[in-house]
Amino acid sequence: MDSTPGRGWWEQLLVNLRLYFRNRMGMFYGYLFPVIFLISFRVLYRYETVPMVRHLGQLLTVTILGGACLGMPTTMVSERERGVWRRFRLTPISTSSLVASAILARYLILITAGLLQIVLAMGIGMPLPRHSLSLCLAFTLVAFAFLGLGLVIAAIADNVPSVQALGQCIFLPMLIIGGVAVPLASLPGWAVTLSSFFPGRYAVQSLQACIDGVGTGSSRFDLFALFLIGASGLIAGAKMFRWDTQQRFATLGRSKWLVVVIATWAAVGVAAQIEARRPDLAAQTAVPGRSALPVVTPATSVPPSASDDALSAIAPPENTPASPPEESPPRSTAWQQVTVEEIVSNVDFRKLPPDSGVVSPIAPPGVNPSADVLDQINTIIETLPNWPPGNVADPVQRVRNLMYVAAVPDVLESEDIESFVPLIVFDRLKQDIPKQDLIRILYWVAIHPSEGDDTAANQLQALGLGNPPPDSDVVRERVTFYSLKLLGRLIGKISPG
Amino acid sequence: MSAKVVVRDLRKHYGDVQAVCGVSFEVQQGEIFGLLGPNGGGKTTLVECIVGLREPDEGSIELFGMETRREGGDAKQRIGAVLQTTSLQEKITPREALRAFGSFYRERFTPEEVLDRFSLADKGDAPFDTLSGGQRQRLALALAFVNNPELILLDEPTAGLDPQFRREFHDEILQMKKDGRTVLLTTHYVSEAEQLCDRIAILDHGRIVAMGEPSLLIARSMAAPSVFLSTVQPVDFELLRQLPGIQSLERERSGFRFSTDHTARTIGELMNYLDAQHIEISELHIQKATLEDVLIELIGDSQYG
Numbered sequence: 001m002d003s004t005p006g007r008g009w010w011e012q013l014l015v016n017l018r019l020y021f022r023n024r025m026g027m028f029y030g031y032l033f034p035v036i037f038l039i040s041f042r043v044l045y046r047y048e049t050v051p052m053v054r055h056l057g058q059l060l061t062v063t064i065l066g067g068a069c070l071g072m073p074t075t076m077v078s079e080r081e082r083g084v085w086r087r088f089r090l091t092p093i094s095t096s097s098l099v100a101s102a103i104l105a106r107y108l109i110l111i112t113a114g115l116l117q118i119v120l121a122m123g124i125g126m127p128l129p130r131h132s133l134s135l136c137l138a139f140t141l142v143a144f145a146f147l148g149l150g151l152v153i154a155a156i157a158d159n160v161p162s163v164q165a166l167g168q169c170i171f172l173p174m175l176i177i178g179g180v181a182v183p184l185a186s187l188p189g190w191a192v193t194l195s196s197f198f199p200g201r202y203a204v205q206s207l208q209a210c211i212d213g214v215g216t217g218s219s220r221f222d223l224f225a226l227f228l229i230g231a232s233g234l235i236a237g238a239k240m241f242r243w244d245t246q247q248r249f250a251t252l253g254r255s256k257w258l259v260v261v262i263a264t265w266a267a268v269g270v271a272a273q274i275e276a277r278r279p280d281l282a283a284q285t286a287v288p289g290r291s292a293l294p295v296v297t298p299a300t301s302v303p304p305s306a307s308d309d310a311l312s313a314i315a316p317p318e319n320t321p322a323s324p325p326e327e328s329p330p331r332s333t334a335w336q337q338v339t340v341e342e343i344v345s346n347v348d349f350r351k352l353p354p355d356s357g358v359v360s361p362i363a364p365p366g367v368n369p370s371a372d373v374l375d376q377i378n379t380i381i382e383t384l385p386n387w388p389p390g391n392v393a394d395p396v397q398r399v400r401n402l403m404y405v406a407a408v409p410d411v412l413e414s415e416d417i418e419s420f421v422p423l424i425v426f427d428r429l430k431q432d433i434p435k436q437d438l439i440r441i442l443y444w445v446a447i448h449p450s451e452g453d454d455t456a457a458n459q460l461q462a463l464g465l466g467n468p469p470p471d472s473d474v475v476r477e478r479v480t481f482y483s484l485k486l487l488g489r490l491i492g493k494i495s496p497g
Numbered sequence: 001m002s003a004k005v006v007v008r009d010l011r012k013h014y015g016d017v018q019a020v021c022g023v024s025f026e027v028q029q030g031e032i033f034g035l036l037g038p039n040g041g042g043k044t045t046l047v048e049c050i051v052g053l054r055e056p057d058e059g060s061i062e063l064f065g066m067e068t069r070r071e072g073g074d075a076k077q078r079i080g081a082v083l084q085t086t087s088l089q090e091k092i093t094p095r096e097a098l099r100a101f102g103s104f105y106r107e108r109f110t111p112e113e114v115l116d117r118f119s120l121a122d123k124g125d126a127p128f129d130t131l132s133g134g135q136r137q138r139l140a141l142a143l144a145f146v147n148n149p150e151l152i153l154l155d156e157p158t159a160g161l162d163p164q165f166r167r168e169f170h171d172e173i174l175q176m177k178k179d180g181r182t183v184l185l186t187t188h189y190v191s192e193a194e195q196l197c198d199r200i201a202i203l204d205h206g207r208i209v210a211m212g213e214p215s216l217l218i219a220r221s222m223a224a225p226s227v228f229l230s231t232v233q234p235v236d237f238e239l240l241r242q243l244p245g246i247q248s249l250e251r252e253r254s255g256f257r258f259s260t261d262h263t264a265r266t267i268g269e270l271m272n273y274l275d276a277q278h279i280e281i282s283e284l285h286i287q288k289a290t291l292e293d294v295l296i297e298l299i300g301d302s303q304y305g
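Just so you know, the protein sequences line up as chains A and B, in that order. Just so you know, we're using our numbering here: the first sequence kicks off at 1 and counts up by one. Just so you know, we're using our numbering here: the second sequence kicks off at 1 and counts up by one.
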């Protein structure tokens, strides 16, 4: 006879984990499926240069969504159908202990599945996420939100087929129009608005910000939205909890808690819409409808990406409705009119991606290229002065063309040379164009990313560089980053290294 | 003796159906109390209310002197229960289940102790879905026993099980009584109730229609004793029927069966008649009323025949 205090929730947690790892289907959906998804993604984009790092937030969200909104409620409802939970009710263990152990077990499963996905992604070329600790926090809050939702599904569904039906009703819209599988940039305006009422969008944004963005600092609203959605789901799920499959949800009169969940989603969506109209936030966010892009005309804007937080380094132009007139920085109408004051008032260099990051890296002083690529580096240095696009008459187009030389290796993730090429280009620019003009032109190129001719990007083979990716918008985005980074160095706003 | 279970004027309905209608009874320390009745009589609802699976509409339930609505958690520490069917997760083993369920209680036996006690040691690491029906029900009893309960509630624990396992289960229940535990048992097997229970309550349509010791219930029965007679030489059916005291005479197998209100007188008359006719008796049984007769008398043989 044992009289030590029992730790029911702990034993139940261990049982949940053991049983999960004995279930082949569970293992398939929890671990193998995300891996297959990852490999499929890689295969799908093998001819393109869409880096994994820009989509890992989406992949992790799909993993969490599947495990929390389909996997967990399927297990819970199946156990309830078998009468397991009914048997638990004969014992003194509380509802909260059982629910907590089920949720904690699923969280541990999700976090290991997420880690596996990240490690495998790194194995096939993805760099380490930029903000690993923040990523843990964001991952936890995303899991919290979706586990709360999963608990609600488990409470509503009378049987396992109902879980699948309900789960898919949430899963598929979130994938397609909720900003999870299809990027918000590819969605029509109404879908973007609608997506703010789904947690999937906040999940992708907050995870992605930690992977290749500026961390949780730029996604406080997303994290708060996930917390609210998760808290409402957990409370409602616990209140609507059913021990017995004979207790039909429809007959229990607990639907008011479902209203609480829906009201929370709606409130978050409305708050997101209000936040999107605030100019300061509009400049920090990265989705259409909250345009943060520096470009003058929306029709020619670069589609937003996970790196758009960095693009928000440039304040919106004067005629942008999102920007109040009294705070609008002055804008020149020709590059020759640009002043350093205008640059300083319009560009926040602190928001640019770090030189040591994945996007637009620049080698710090004292770091030399490896011996393997010295020949390639020397070829660029030798051929660049005579490269025809780098010698066109129009100085703006010339700078733009030379910036392509820096941007394309970055997009191609040519890790050995991508951080050195911008320095070669910088030297060439400083030799070719007077400093004051170069300052003006770099700024001009940065704030007009969609202008100019980009055919130079297809002439890089002459420099020994690879073919440009078909996604020219991404290249133009990197041109903007490098232009601002070199500009910052010229006017003393960025210290090399 | 103190009452371990006190149920007072309990009522529970499902829609228009009154499952339990004002039931009151007490179960004393150390006794085996049976709730006997036909399917749909309200036995399971009553037990589910007592163990906390259902909320009664009216009335009160006290376990160990504690009102279950207020102190149900404390009472659960001291009870064990076996439902009609106990199902666990497919892949859980008896050892894991006993460890997990034991951890819910302040006091508990180790899984090994309980596995040995219920002859499950060789199945301790077998997945639940590989256990036979009897083994599963034995595990259910083991789970009910893991917290060393003072009171055990068994809801039709042997329904659908083979006679061999039923006998084993009966032995376990009798052993629990010897250990000083109190048992509340529901069953629709009359023999089970007669064999195991110190007292029974007969439940029909949610009401207790009789309660007491089985022998006293039988003694109070109005059912007439039944007589079976078989002879070597043939007996004239019509002449037999005219003997005084013989009722409901009918042919059965190689003889006759009848009932009588005056056993001694009727048997005396029968012996005289057979002797006069030089008829030899090959078989003669006189059977007093059984618990089954009591049930049929109280409930009707359409439900319990």
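Treat the hints with care, since some could be wrong.
Estimated spans, in silico, between C-beta atoms of each pair [claimed, not checked]:
| no. | chain 1 | residue 1 | chain 2 | residue 2 | range |
| --- | --- | --- | --- | --- | --- |
| 1 | B | R11 | A | L32 | 26 to 34 Å |
| 2 | B | Q77 | A | S78 | 49 to 57 Å |
| 3 | B | S191 | A | S162 | 38 to 46 Å |
| 4 | A | I111 | B | K178 | 26 to 34 Å |
| 5 | B | D9 | A | Q247 | 19 to 27 Å |
| 6 | B | E213 | A | A100 | 21 to 29 Å |
| 7 | B | Q18 | A | V35 | 52 to 60 Å |
| 8 | A | P173 | B | R69 | 26 to 34 Å |
Calculated from the structure, these hints are not laboratory results. The beta-carbon is built from N, C-alpha and C at its ideal position, and this holds for glycine as well.
Do the hints match the structure? See the list:
Evaluation of the 26 to 34 Å hint for R11 (chain B) and L32 (chain A) yields a failure: the beta carbon distance comes to about 54 Å. In this structure the hint that Q77 (chain B) and S78 (chain A) lie 49 to 57 Å apart at CB is violated, the actual value being about 29 Å. Take S191 (chain B) and S162 (chain A): their Cβ atoms lie about 43 Å apart, and the range 38 to 46 Å holds. The hint said 26 to 34 Å for the Cβ distance between I111 (chain A) and K178 (chain B), and at roughly 52 Å that hint is violated.
For D9 (chain B) and Q247 (chain A), the Cβ-Cβ distance of about 25 Å falls inside the hinted range of 19 to 27 Å, so the restraint holds. The hint said 21 to 29 Å for the Cβ distance between E213 (chain B) and A100 (chain A), and at roughly 48 Å that hint is violated. Under the hint 52 to 60 Å, the C-beta atoms of Q18 (chain B) and V35 (chain A), about 57 Å apart, fit the expected range. P173 (chain A) and R69 (chain B) have their C-beta atoms about 44 Å apart, which leaves the hinted 26 to 34 Å range violated.
Checked against the numbered hints above, the structure breaks hints 1, 2, 4, 6, 8 and satisfies the rest.
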